[in-house]
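Peer 1: Since chain H is already given, all that's left is putting chain B on it; use the hints.
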Amino acid sequence: MASLYELKDLSKRYTRGKESITIFEELTMSIPQGDFIAIMGPSGSGKTTLLNLLGGIDRPSSGSVECEGVRVDKLSEGKLAKWRSQNVGFIFQFYNLMPTLTAAQNVELPLLLTKLSGKQRKERVETALDVVGLADRKGHRPRQLSGGQQQRVAIARAIVADPKVLLCDEPTGDLDRVSADEILETLQLLNKELGKTIVMVTHDPSAAKYAARELHLDKGRFVEAKAEPAQ
Amino acid sequence: MNDLTLIRKNLFRKKLRAILLTLSILIAFLIFGVLGAFYKVWTSGGELAADDRLVTVNRINFTVSMPYAYWSRVQAIDGVRNVSHASWFGGYYQDPTQFVQTFAIDAESYLDAYPELVFPEGQREAFINTRTCLAVGEDLAAQYGWELGQRIPLLSNIWQKTDGTASWEFDICAIFDGNTDEYPANYAIFHYDYYNEALAFNQDQIGWMVINTTDPARNDEVARAIDGMFANSPAETETTTEAAFNEAFANQFGNIALILLFVVGSAFTTILIIVGFTMVTAINERTGEIAVMKTLGFPAPRIFRMVLAESVLLSLVGGLLGLGLAWLMISGVAEAAAAFLPGLALPAEVFLTGLGLAVLLGLLTGIVPAINAQRVKIVTALGKQ
Chain H
0 MASLYELKDL SKRYTRGKES ITIFEELTMS IPQGDFIAIM GPSGSGKTTL LNLLGGIDRP
60 SSGSVECEGV RVDKLSEGKL AKWRSQNVGF IFQFYNLMPT LTAAQNVELP LLLTKLSGKQ
120 RKERVETALD VVGLADRKGH RPRQLSGGQQ QRVAIARAIV ADPKVLLCDE PTGDLDRVSA
180 DEILETLQLL NKELGKTIVM VTHDPSAAKY AARELHLDKG RFVEAKAEPA Q
Chain B
0 MNDLTLIRKN LFRKKLRAIL LTLSILIAFL IFGVLGAFYK VWTSGGELAA DDRLVTVNRI
60 NFTVSMPYAY WSRVQAIDGV RNVSHASWFG GYYQDPTQFV QTFAIDAESY LDAYPELVFP
120 EGQREAFINT RTCLAVGEDL AAQYGWELGQ RIPLLSNIWQ KTDGTASWEF DICAIFDGNT
180 DEYPANYAIF HYDYYNEALA FNQDQIGWMV INTTDPARND EVARAIDGMF ANSPAETETT
240 TEAAFNEAFA NQFGNIALIL LFVVGSAFTT ILIIVGFTMV TAINERTGEI AVMKTLGFPA
300 PRIFRMVLAE SVLLSLVGGL LGLGLAWLMI SGVAEAAAAF LPGLALPAEV FLTGLGLAVL
360 LGLLTGIVPA INAQRVKIVT ALGKQ
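Sequences listed follow chains H and B, in order.
Numbering follows numbering that gives the first Met the number 0, in which position 177 of the first sequence is assigned residue number 176; successive positions increment by one, without gaps.
Numbering follows numbering that gives the first Met the number 0, in which position 347 of the second sequence is assigned residue number 346; successive positions increment by one, without gaps.
Extracted from the complex, chain H is given alone in its bound form (with noise of 0.2 Å):
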């Protein structure tokens, strides 16, 4: 498989205070295309970080984050805020929809950011409902959704600009497990039905075991855990 990201001597440290703590050193790995990989670590491992720097809402101390040939670190403010919104899909823990929009509003807020007319993009929001199995809520409000649903309009509103990547930060951390389940299995469907690369941070073991791979990053480097889903 072809690579997606390349990312080489990555360092990033914090400043607190004084004192200047290292979360990881010279990281170098790649992503191929296609990828559904369960990044899983303790706390303050710097899961969420590298997640960050994969998404381009942060920026290494050192080394290069390389995306299809694209110096992401490299990147200006407006060209990053451009690349990620053609490139990049987020899911979050609390999923993080907009409380005054309804589910389909929600959806179609990374759209605005495009060039295409209000039915395409209605269209758009539309087939990204349906594939997460919510057309039918989609006037609804956040709150008027469960979180299981209010991570399934996450997902739509992630996949609905077609992104080349999905970064999801502990996407089921937030739900019971049976909607985690549900969650789980959608992302793995957008990973082998349409193709998507998926980079997932979670603590939860089962989790993880939905992904094709598995690396545990512990002490500034990755232990490759799994090579085939188990489920």
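Derived by calculation from the structure, the hints in this document are not laboratory data.
As the structure is a computational prediction, the values presented were derived from the model and not from experiment.
Beta carbons are placed, not taken as given, at the ideal position from N, Cα and C, and that holds for glycine.
Do not take every clue at face value.
Derived DSBU-like pairs (lysine-lysine); straight-line CA-CA distance at most 30 Å [stated by the list, open to error]:
hint, chain 1, residue 1, chain 2, residue 2
1, H, 121, B, 13
2, H, 81, B, 14
3, H, 163, B, 14
4, B, 13, H, 73
5, H, 7, B, 376
6, H, 137, B, 14
Residues on chain B that point at chain H, a partial pick, calculated with CB under 7 Å [said to hold, decoys possible]:
hint, residue
7, 12
8, 15
9, 291
10, 380
Which chain B residues face chain H? A few, computed with CB under 10 Å, are given here [stated by the list, open to error]:
hint, residue
11, 0
12, 11
13, 288
14, 300
15, 378
Peer 2: Positioned in the frame of chain H, the structure of chain B alone reads:
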């Protein structure tokens, strides 16, 4: 959906807060609109003044009279084209509460001095030639339902006749109007001679003189000549341009402009603080949502514009409602007040200034939250969730 949908939904996400903010802005602009309309009509005398008109009053006070003889003496001064005079009569119709603003004048020279007064055909001549004629402004005639040919009595609390009565009989032989809507037509004029001959006291005195100069450039020279002519006399004079006289008349109750500026300024400063603080708080509450929008790819300048637009929209909604309400209120009382405040209306310039102020208020109250929103760090904001 578009950016405006997002702006509108964010603005009215907390309905009570939005309503209270709109209401507070509405009140500020209502005050601005109403006071602006009154200020405009109150000070319109200065704007309606002609460049070539001077007013000469007694130096002590404009309510103190001067000898009638001054009138003919001023006519001889070089640079003077026309001189007229007027005297305050006041009076009321039937009941002391029905006040009538009335002046005793020299008809021909007065109408020459004020070409703004428009008479229907034949009525100007009728007024000049009829000794007992009362020429009535249209607004005043409408107020009391007076018609041409009607004989009416005006009563005075001051001016008694030699027969011991204070009832003055007049024939309405002319109804005039101003040449513009703003020009007052809320008063009446009659012949000085008719009044002077019947006066029980204070005969051969006039209230003030109105002088037309041959050239506005000679105003100062003529004014100095007039005041110099009566210097060291028992009735010294003070001559100013009509605009200055009208302004001084309007300001006899205080510096109206300063009072209005203080009232409106206080209202706007209060609103600026309230709305500004509330907008900062509202945007701070939405830091997480702004971070999510940035994550999705909304560029910082677009977020800046959206927050600023939200503040401007709030201000415009409140401002337009306030100005609209001011217009309704002013329109409601304009007819009833026509006799006292002719031309009372919400002027276009006050409305447009109000709109400009609304945009400015929106920009001022929105700039800090917009900068804060633009600067939101995605990682920091999402990390706080």
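Peer 1: Now tell me, hint by hint, if it's right for this structure.
Peer 2: Results of checking the hints against the structure:
no.	hint	verdict
1	H/121 - B/13	holds (27 Å)
2	H/81 - B/14	violated (33 Å)
3	H/163 - B/14	violated (40 Å)
4	B/13 - H/73	violated (40 Å)
5	H/7 - B/376	holds (25 Å)
6	H/137 - B/14	holds (23 Å)
7	12	holds (5 Å)
8	15	violated (15 Å)
9	291	holds (5 Å)
10	380	violated (10 Å)
11	0	holds (5 Å)
12	11	holds (8 Å)
13	288	holds (6 Å)
14	300	holds (8 Å)
15	378	holds (5 Å)
Going through the hint list in order, the structure does not satisfy hints 2, 3, 4, 8, 10.
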